[in-house]
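S.K.: Sequence order for the protein chains is A and B.
The letter at position 9 of the first sequence is residue 111 when you use our numbering, and the numbering goes up by one with no holes.
The letter at position 232 of the second sequence is residue 622 when you use our numbering, and the numbering goes up by one with no holes.
Derived by calculation from the structure, the hints in this document are not laboratory data.
In this text, all values refer to a predicted model and were calculated from it rather than measured experimentally.
By construction, the Cβ of each residue, glycine as well, lies at the ideal position given by its N, Cα and C atoms.
Where hints are given, some of them may not hold.
To be verified - A few chain A residues that don't get close to chain B, going by computed Cβ distances all over 10 Å:
(1) Phe117
(2) Lys167
(3) Pro223
(4) Phe258
(5) Glu292
What the hints assert, rightly or not - Chain B stretches covered by chain A per the calculated footprint, using a threshold of three residues with CB under 8 Å from any CB of chain A:
(6) 568 to 575
(7) 621 to 630
As the list claims (entries may be wrong) - A partial selection of chain B residues facing chain A, derived with a Cβ cut-off under 7 Å:
(8) Val559
(9) Asn562
(10) Val563
(11) Ala581
(12) Gln595
(13) Ser642
Single-letter residue listing:
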Amino acid sequence: MPADLLSARGIRKAFGGVVAVADVSFAVTPGTVRAIIGPNGAGKTTIFNLITGIFPLDRGEIRFKEHGLNGLSTWQRAQLGIARTFQNLQIFTNMTVLENVMVGRHRLSRAGLLAAAFQTPGSRREEARIREQALACLELVGLADRAQDPAGSLPFGQQRLLEIARCLATEPTLLLLDEPAAGLNLAETEALAALILSLRRRGITILLVEHLMDLVMGISDSVLVLNYGQVLAHGSPEAVQNNPAVIEAYLGAEVADA
Amino acid sequence: MKVWAFVGGVVVLALIPVFVRTPSYLDVLIYIGLYSIVTTGLCLLTGYAGQISLGQAAFYGLGAYTSAILTVSYDVPSPLALIAGIILTAAVAYGFGIPILKLKGHYLAMATLAFGIIVYLAFVEFKEFTGGPSGIPGVPPFSLFGFRFDSDTKRYYLTTGAALLTLLVARNVVNSRIGRALRSIHGSEVAAETLGVDTARQKLQVFALSAAMASLAGSLYAHHLSLVSPTAFNFVASIEFVVMAAVGGLASIWGAPFGAAAITILAEAIRRVMPLLLSYASGEHEVIAYGVILVVIMIFMPEGLVAGLRAALARGRERL
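Just need the whole structure built from these sequences, with the hints factored in.
M.R.: Printed below as a string of structure tokens:
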């Protein structure tokens, strides 16, 4: 079995008196799709925020490849190859679709303020490469024809794809997708499933937070179930679906909600 | 198209002194050049990176005082003094930016305002260096390789050239990886960070760059007026720079020269016209007229003059 790409050991995060994530441990095997599911407020998005360093950990440790992530800021973690999308979209609406993706090339390009200010030949060549690579990422998600449009003019579902394209531009090793199917119609969801599987074939490891069970069970190699900030179960999609604790807590809660 | 518009603009600017011979008009044009340099920096900082500064006059003053002190007291050649001013001012902005650029919105506005007031008071109080409230007289004209910019016409070319260079540098920055990183901070700071943009560093860099531009203008101002004194660098001046940037339009660096020109000409026009309309007009009446016109501009062109005129042109074309 290959070494874990990402591992969390005993991580905890409380907001005031509310414990969002309580002593959670899990590991992600490289080249797989791992889903995190659980009722609303189970701590899924908080875990993404802890992995990307948007919030500091109260306790525990997160490791990525050979690096301890504790103490690294968000941009440093991105530099290591961790990219993420957002449940509530964070598109740069002050830029075009293409420019949004070009920002994703930031970590893999070098031109500094002075090189940019005087447009050195090196910086011009780099700029041309950035544009080319960003366009390739847009093609991958099927948005190349909207490249020059203002990013805010895209319909909701395409904005989700734009966030994924922007992540791909960073050439991530680990991609965190936070409810990528929320607000998508059936056809868009099917296209998304195909896209996620094609990314896995490219060797990108995916951590997926998603409510849509058909999508989760269809594409995940393993599933982690959270409830009240704690791990309720983990294993293959089949094993999790047949786990009595999961059926009771998770599906039961959803029935109760409805 | 854009290149031709720029070349055309340069030709027009180059020909102005041939037709404009009145010294007071040339003086106004020189100030437009100086203010447009400061406003260009502010536009990068606020329009692109989304960070506000109400202390830009302090950087303008630091450049002016550095040039004045070094050329008057130490006989340093004026270009070296100008460069020293830029380096000093950028370093001050960088050091001061480390703690305060962590603040956002109104808090950042307050901190930069306070910084501006502190620097202004330093100009007034450190008399042995700055000459106190009366300032430093007798700043020599700027001179480069033995060429002295000792007339308004020469200084017009100097400041206009510097303003154009500043705009070109700003345009290059905007159309680069750095420019996109700045706009990404404005768009969504958290998303920028998750894409590997060191937002704290980018903010510091653009803050220092905007300060360097203000310093450049300040040095040229000192050599133009041949006198520096604190009142030119008080917080009212900082507010005026923000007004110029907002009136020109923050969405594009090309708004900066238009905003600087509009506000400078407006203030000058009011000063000349008001006494004709109102025999007892005083400075206060001027401020009232100035304020009313600004409010009207911002109501009808909230995106600034450049965007407003562009939209008006587009509407005009549709009618044709």
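S.K.: Does each hint fit the structure? Answer for all of them.
M.R.: Results of checking the hints against the structure:
no., hint, in the structure
1, Phe117, "holds (17 Å)"
2, Lys167, "holds (16 Å)"
3, Pro223, "holds (13 Å)"
4, Phe258, "holds (16 Å)"
5, Glu292, "holds (27 Å)"
6, 568 to 575, "holds (count 6)"
7, 621 to 630, "violated (count 0)"
8, Val559, "holds (5 Å)"
9, Asn562, "holds (5 Å)"
10, Val563, "holds (5 Å)"
11, Ala581, "holds (4 Å)"
12, Gln595, "holds (5 Å)"
13, Ser642, "violated (12 Å)"
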